[in-house]
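Q: So the sequences go chain by chain: A and B.
Numbering-wise, the first sequence is residues 1 to 318 according to full-length UniProt numbering.
Numbering-wise, the second sequence is residues 1 to 318 according to full-length UniProt numbering.
In short, the hints are calculated from the structure, not lab data.
Note that this is a predicted model, so its numbers are computed, not measured.
Some hints here could point you the wrong way.
Remember, identical chains collapse to one label, so a pair may be satisfied in a single copy or spanning two.
Derived pair list, reagent style DSSO-like, types lysine-lysine, alpha-carbon separation capped at 30 Å [claimed, not checked]:
1. Lys257 - Lys52
2. Lys188 - Lys128
3. Lys95 - Lys259
4. Lys128 - Lys95
5. Lys52 - Lys259
6. Lys276 - Lys259
7. Lys171 - Lys28
8. Lys171 - Lys276
9. Lys276 - Lys28
Number of protein chains: 2
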Amino acid sequence: MLDLALLGTGGSMPIPERFLSSLLIKYKGSKILVDCGEGTQVSLRLLKWGFKSIDMILITHWHGDHILGLPGLLTTIGNSGRRAPMMIIGPQGIKKIIEGLLASLSYLPYSIHLVEVSEISIVVSFNKHGLEIKEADESSQSYGDLIISTLELDHSSPCIGYSFYVPRRPKFNPEKAISNGVPKNLWKRLQQGETVIYEGMTIKPSMVLDDNREGIKLSFITDTRPIDTIPDFIEGSQLFICEGTYGDEQDRERAIKNKHMLFSEAARLAYEGKVKELLLTHFSPVMEEPEKHIENARRVFPQTTIGYDRLTIQLNYP
Amino acid sequence: MLDLALLGTGGSMPIPERFLSSLLIKYKGSKILVDCGEGTQVSLRLLKWGFKSIDMILITHWHGDHILGLPGLLTTIGNSGRRAPMMIIGPQGIKKIIEGLLASLSYLPYSIHLVEVSEISIVVSFNKHGLEIKEADESSQSYGDLIISTLELDHSSPCIGYSFYVPRRPKFNPEKAISNGVPKNLWKRLQQGETVIYEGMTIKPSMVLDDNREGIKLSFITDTRPIDTIPDFIEGSQLFICEGTYGDEQDRERAIKNKHMLFSEAARLAYEGKVKELLLTHFSPVMEEPEKHIENARRVFPQTTIGYDRLTIQLNYP
Numbered sequence: 001m002l003d004l005a006l007l008g009t010g011g012s013m014p015i016p017e018r019f020l021s022s023l024l025i026k027y028k029g030s031k032i033l034v035d036c037g038e039g040t041q042v043s044l045r046l047l048k049w050g051f052k053s054i055d056m057i058l059i060t061h062w063h064g065d066h067i068l069g070l071p072g073l074l075t076t077i078g079n080s081g082r083r084a085p086m087m088i089i090g091p092q093g094i095k096k097i098i099e100g101l102l103a104s105l106s107y108l109p110y111s112i113h114l115v116e117v118s119e120i121s122i123v124v125s126f127n128k129h130g131l132e133i134k135e136a137d138e139s140s141q142s143y144g145d146l147i148i149s150t151l152e153l154d155h156s157s158p159c160i161g162y163s164f165y166v167p168r169r170p171k172f173n174p175e176k177a178i179s180n181g182v183p184k185n186l187w188k189r190l191q192q193g194e195t196v197i198y199e200g201m202t203i204k205p206s207m208v209l210d211d212n213r214e215g216i217k218l219s220f221i222t223d224t225r226p227i228d229t230i231p232d233f234i235e236g237s238q239l240f241i242c243e244g245t246y247g248d249e250q251d252r253e254r255a256i257k258n259k260h261m262l263f264s265e266a267a268r269l270a271y272e273g274k275v276k277e278l279l280l281t282h283f284s285p286v287m288e289e290p291e292k293h294i295e296n297a298r299r300v301f302p303q304t305t306i307g308y309d310r311l312t313i314q315l316n317y318p
Numbered sequence: 001m002l003d004l005a006l007l008g009t010g011g012s013m014p015i016p017e018r019f020l021s022s023l024l025i026k027y028k029g030s031k032i033l034v035d036c037g038e039g040t041q042v043s044l045r046l047l048k049w050g051f052k053s054i055d056m057i058l059i060t061h062w063h064g065d066h067i068l069g070l071p072g073l074l075t076t077i078g079n080s081g082r083r084a085p086m087m088i089i090g091p092q093g094i095k096k097i098i099e100g101l102l103a104s105l106s107y108l109p110y111s112i113h114l115v116e117v118s119e120i121s122i123v124v125s126f127n128k129h130g131l132e133i134k135e136a137d138e139s140s141q142s143y144g145d146l147i148i149s150t151l152e153l154d155h156s157s158p159c160i161g162y163s164f165y166v167p168r169r170p171k172f173n174p175e176k177a178i179s180n181g182v183p184k185n186l187w188k189r190l191q192q193g194e195t196v197i198y199e200g201m202t203i204k205p206s207m208v209l210d211d212n213r214e215g216i217k218l219s220f221i222t223d224t225r226p227i228d229t230i231p232d233f234i235e236g237s238q239l240f241i242c243e244g245t246y247g248d249e250q251d252r253e254r255a256i257k258n259k260h261m262l263f264s265e266a267a268r269l270a271y272e273g274k275v276k277e278l279l280l281t282h283f284s285p286v287m288e289e290p291e292k293h294i295e296n297a298r299r300v301f302p303q304t305t306i307g308y309d310r311l312t313i314q315l316n317y318p
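Looking at chain A on its own, in the form it has when it is part of the complex (with noise of 0.2 Å):
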């Protein structure tokens, strides 16, 4: 189970109605906060899920409006009594970037690692000492905490996309352990996803598992073309939140100009993509009623929904 709350739907500027574009993930009692544009720390207080328990902070690139709540959330997060230390992970360039803007803040009581990267794929675990983060490998897929990916995305300047997988481990299948030969001690260590070595043969989790079991898929591609490899990347999402920030067909030179989609050019990938469900988010200051455009996305993409400030959804497994 893996709760999300946009903070914010705005691109550009924030404005009365509309904080700038945010997301807010909570899983295990921790939580990660994807974007941080000002105003995001208003709209964490109106939520009302606390500002401690964030362990790790997604930038998607260095622009404005997605990183200037930054230095004031963190500073908040201090004051709510955090220790631990932060990850921050943005693409390239943004620690030059988050640096200059933390020089603003006098004193913060936890640590901040600031991390570079462009494409990746990590398992993170939480647990009591906090995050735990590792290369995700096969058996992540089935076996990890929750798994990070990103994707380099088209914008101007660099940019990534996050996906988000809850693996769910398959469901033990004692007849097929037996019918395997395999020793009761060892049933435990092979369902937590461990192979073992038994008296020279290997044996394998497979052996006294059912098939893997589809875990649970979000996707978060904000701000960008709509580019090729968008559609691997979010295949299966039972969420996916993309930037739609100029509703109507006519805004297409811009969006082009801007490096921003139209909201049909996101429900074009969501289709390709195969996922359950597209959320849009990031929407220009200029579009008073995203609602008044959707239908440009239906006709496209029929699960489409417009996102707003402070909708929060539960996934589950499937």
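Guided by the hints, dock chain B onto chain A, whose structure is given.
A: Using the frame of chain A, we list chain B on its own:
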């Protein structure tokens, strides 16, 4: 005539009901912003006074709750069509901090002049070519456009207070001019405050003008402990806007530790500075209803009001 609006009345962090302490002054079609915490641009948008004509931004100090709205606001001002240069004034050390913040901006279509000051008194003239600034002298008190003065305060970082004075020209007195034997062809220049040498004689404006008239004085003091130099600096203000971070006497220790003021301390300054009205702002986010503590100020200085976001006030010549 001078219009002002409190854009935010909170300290420390923005909360849904209260943006961070910021003051907007409108004078002769130009605008001056004092401090710019996160959310200032949202409040300004709600106020509907426009972005383009902000010609000058004054910063009290570099703490996040006073400057983190700056990069976003400067971007929005650029998007509003501004091309004229913008002057930003602040205390020692502000340049480095603001330069760090501005590194997150991709492009501004106007130039920024950053100026560090300690204690100054300048005359600002507004004309169609933009702002003109020169050091204030005695004649500025009657003939300058707007006099801005600063005072060093006592906070945990270099911090300055601001006062604004709109001089009122003395009335022309033709009887006085005639009885002093001043030729008619000099009257206009003398009326404009010019001292004229005529046939070897020095003719001063006071020879054709009535006595000096009181102008409009506004002062803005945040974040500081109450110090001896403040009453003189704010003396005679029509409106004294002052931080009242804590409402209750029981927060005295906290006020001393954090270098802030109690309501009663701000009121004491208002009394000693013989101001007409005190307007409190910069409330701690912990103080949910500042109105509840107003008697702590009124006991010392009855003409006290509690500020709130987007309170607007017009100041006229007395």
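Q: Does each hint hold? Answer for all of them.
A: Now the hints, each set against the structure:
no.: 1; hint: Lys257 - Lys52; result: between (39 Å within a copy, 24 Å between copies)
no.: 2; hint: Lys188 - Lys128; result: within (22 Å within a copy, 80 Å between copies)
no.: 3; hint: Lys95 - Lys259; result: within (23 Å within a copy, 32 Å between copies)
no.: 4; hint: Lys128 - Lys95; result: within (28 Å within a copy, 42 Å between copies)
no.: 5; hint: Lys52 - Lys259; result: between (35 Å within a copy, 26 Å between copies)
no.: 6; hint: Lys276 - Lys259; result: within (25 Å within a copy, 54 Å between copies)
no.: 7; hint: Lys171 - Lys28; result: within (21 Å within a copy, 75 Å between copies)
no.: 8; hint: Lys171 - Lys276; result: within (24 Å within a copy, 77 Å between copies)
no.: 9; hint: Lys276 - Lys28; result: within (23 Å within a copy, 57 Å between copies)
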